[in-house]
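Those sequence lines, one after another, are chains A and B.
Counting in numbering that gives the first Met the number 0, the first sequence runs from 0 upward without gaps.
Counting in numbering that gives the first Met the number 0, the second sequence runs from 0 upward without gaps.
By construction, these hints were calculated from the structure, which means they are not laboratory data.
Errors might be hidden in some of the hints.
[What the hints assert, rightly or not] Once the Cα atoms are required to be at most 25 Å apart in a straight line, the calculated BS3-like pairs of lysine-lysine come out as:
no. : chain 1 : residue 1 : chain 2 : residue 2
1   : A       : K326      : A       : K22
2   : A       : K107      : B       : K107
3   : A       : K155      : B       : K155
4   : B       : K290      : B       : K260
5   : A       : K290      : B       : K311
6   : A       : K155      : A       : K22
7   : A       : K260      : A       : K326
8   : B       : K326      : B       : K193
[Unchecked claim] Going by beta-carbon spacing under 10 Å, a handful of chain A positions derived as facing chain B:
no. : residue
9   : G24
10  : A76
11  : G78
12  : H108
13  : A166
14  : P197
15  : P302
The beta carbon of each residue, even a glycine, is placed where N, CA and C say it ideally should be.
There are 2 protein chains.
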Amino acid sequence: MPSNASRIPFDQMFDVLNRILLKHGFSTERALLCARLFTEASCDGVYSHGLNRFPRFIEMIGSGLIEVHAVPLLDAAFGALERWDGSSGPGNLNAHASMSRAITLARKHGIGCVALRNTNHWMRGGSYGWQAADAGLVGICWTNTLPNLPPWGGTKPTLGNNPLVIAVPRREGHVVLDMAMSQFSFGALESYRKRSEPLPVPGGFDTNGVMTSDPAAIEASGRVLPIGYWKGAGLSLMLDAVATLLSAGCATHEIPPEVVKETRLSQVFIAMALPGDGREEMLSEIIQFLKSSPTDGAGVRYPGEHTLAIRKENLAEGIPVDPDVWKQLSDMLLSGR
Amino acid sequence: MPSNASRIPFDQMFDVLNRILLKHGFSTERALLCARLFTEASCDGVYSHGLNRFPRFIEMIGSGLIEVHAVPLLDAAFGALERWDGSSGPGNLNAHASMSRAITLARKHGIGCVALRNTNHWMRGGSYGWQAADAGLVGICWTNTLPNLPPWGGTKPTLGNNPLVIAVPRREGHVVLDMAMSQFSFGALESYRKRSEPLPVPGGFDTNGVMTSDPAAIEASGRVLPIGYWKGAGLSLMLDAVATLLSAGCATHEIPPEVVKETRLSQVFIAMALPGDGREEMLSEIIQFLKSSPTDGAGVRYPGEHTLAIRKENLAEGIPVDPDVWKQLSDMLLSGR
Chain A
0 MPSNASRIPF
10 DQMFDVLNRI
20 LLKHGFSTER
30 ALLCARLFTE
40 ASCDGVYSHG
50 LNRFPRFIEM
60 IGSGLIEVHA
70 VPLLDAAFGA
80 LERWDGSSGP
90 GNLNAHASMS
100 RAITLARKHG
110 IGCVALRNTN
120 HWMRGGSYGW
130 QAADAGLVGI
140 CWTNTLPNLP
150 PWGGTKPTLG
160 NNPLVIAVPR
170 REGHVVLDMA
180 MSQFSFGALE
190 SYRKRSEPLP
200 VPGGFDTNGV
210 MTSDPAAIEA
220 SGRVLPIGYW
230 KGAGLSLMLD
240 AVATLLSAGC
250 ATHEIPPEVV
260 KETRLSQVFI
270 AMALPGDGRE
280 EMLSEIIQFL
290 KSSPTDGAGV
300 RYPGEHTLAI
310 RKENLAEGIP
320 VDPDVWKQLS
330 DMLLSGR
Chain B
0 MPSNASRIPF
10 DQMFDVLNRI
20 LLKHGFSTER
30 ALLCARLFTE
40 ASCDGVYSHG
50 LNRFPRFIEM
60 IGSGLIEVHA
70 VPLLDAAFGA
80 LERWDGSSGP
90 GNLNAHASMS
100 RAITLARKHG
110 IGCVALRNTN
120 HWMRGGSYGW
130 QAADAGLVGI
140 CWTNTLPNLP
150 PWGGTKPTLG
160 NNPLVIAVPR
170 REGHVVLDMA
180 MSQFSFGALE
190 SYRKRSEPLP
200 VPGGFDTNGV
210 MTSDPAAIEA
220 SGRVLPIGYW
230 KGAGLSLMLD
240 AVATLLSAGC
250 ATHEIPPEVV
260 KETRLSQVFI
270 AMALPGDGRE
280 EMLSEIIQFL
290 KSSPTDGAGV
300 RYPGEHTLAI
310 RKENLAEGIP
320 VDPDVWKQLS
330 DMLLSGR
């Protein structure tokens, strides 16, 4: 967030987004859900895939890449595993519908899986993990992306920076991992550069192929590092392969390599029922043990801990917004369309 | 492998292990499968969890931690998701039975999941990925371990170095990711140290808490790095949480922290059917695209590529063995028990 950020109450942000979506032809119900998903992403601190991404979302509607009214269509059912065609619908609505269907399948079969093809960017992946955990289930989901991550040993991006989400419900707040395959996102590199700070650990290569913690040098080369070098590169490939083969959708190399047009993605949504057996407290014990490690840094965190803290703050204080983005949205609301 | 390694033909190694297992009371059928899994691990180059691990496996039978005749017992069935009790049986036989059951469930329901508790070390995790892919299915499995990985920011191990396996079938040889959560295993650190080589990338901290590529310094501190720092630490926690809650088994912190006695593990086995739809070649296309990246290193590899090459070599030339370990096994065969 820029230093001149101001804070907007959750309800106000939600209302503005909802009204813009209605202007763009969304049905009442779909506008509400779509606005909520965007607002929640910003409220949880994922500004890049919340409010800041909204103008591009509207742009993709304008250019016809996102079909406002399209819903996923069942392509094939194999029992607890189903294949759906996203019909180029709004990515977050498609993803929400898919996890919702996976939850229904899991309630019937113990585990459920929806493979979705031909969909758009799902915005914040964590949303669908929280969705499963809110329903009391384990949620696992991932998406592929356009080629934007060089493999280990390679100088050009032939992998996607495919995010993986794993969520487990917990009474005191769910535990949700939402991680992309690169060590740092391009958004994170930009933030460090603007603050004139080096990365805390090497995050990529400079144009000479030397590993570096200088964010600007990595932005210049485009060579971000996969997490764990060869390991994250391998994981990224497998996520693309499984999503593509299960959904019969596009693989990373078939997705047009134009960031602003990223579309026709393939995704997987898995939900797993947790039978009540008195072991619900185990997750709290696991976290307690995790945190029992002495620290020589800034402490030990569990996945989603930061999210819970930011959410609390932003609900109380308002959600920080970039004034330029906020003005852009206000203009959208006032303009003819 | 030590420099004085000699090579033993696959059939001979398999025969020796089979006969030792029979001496320890394994049934004919179970001895054959157990010997095959150990031999295949070594044949595929995973010596640490093949032949080299066999003496400890026999030791754990002797100390009563592994019950030779125990088989997994169905604890609860929820349709496509089942919970089994490993009954302290041999870890590789339990894991093989569990993936086999997940495959059966997936053939019926599209996807199948077995959560297994109270089992022993599964030796090479990749085995069960290859098993699913050999059956024409996608396989995903993981296990928890005892606490042996410090979390990001922490100085003491409160996470397990939980391996994750993802396998996708392919006609020219399956693509199988088999990765633990640490950047380097302790076995790998030992190999680099013995060759007096630094690690190719930082692999942990020294006793002063400084990140280092010196294998001996990391062995001294025990502070290996999770892949992707905070990201791999988060992934490790989630794998433990899901395995524990689904199986109602022990979490990492409940597993006795004695390496030689590692037992009562929790594991998850997922199989997913790939409906024939003419997209089988997509995986080869994905790999072709991956490898289209120019390289400024030793080239770009896909998960399992090295395994396929080593397997071919070891089948043709014999499997390299540590002469001391091989002598130990020959002695076992000749001894009273």
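Right, here's what the structure says about each hint:
1. A:K326 with A:K22: Since the Cα atoms of K326 of chain A and K22 of chain A sit roughly 17 Å apart, the hinted pair holds (cutoff 25 Å).
2. A:K107 with B:K107: Given that 25 Å is the threshold and the Cα spacing comes to 14 Å, the pair holds.
3. A:K155 with B:K155: violated, 38 Å
4. B:K290 with B:K260: Given pair K290 of chain B, K260 of chain B is violated - Cα atoms ~42 Å apart, limit 25 Å.
5. A:K290 with B:K311: violated, 45 Å
6. A:K155 with A:K22: Violated, at roughly 41 Å.
7. A:K260 with A:K326: holds, 24 Å
8. B:K326 with B:K193: holds, 22 Å
9. G24: violated, 34 Å
10. A76: holds, 8 Å
11. G78: G78 of chain A check passes; min Cβ-Cβ to chain B is 4 Å, inside 10 Å.
12. H108: holds, 4 Å
13. A166: holds, 8 Å
14. P197: violated, 14 Å
15. P302: At about 4 Å, which falls below the 10 Å cut-off, the nearest Cβ of chain B leaves the hint on P302 of chain A intact, so it holds.
Of the hints listed earlier, those the structure fails to meet are numbers 3, 4, 5, 6, 9, 14, in rising order.
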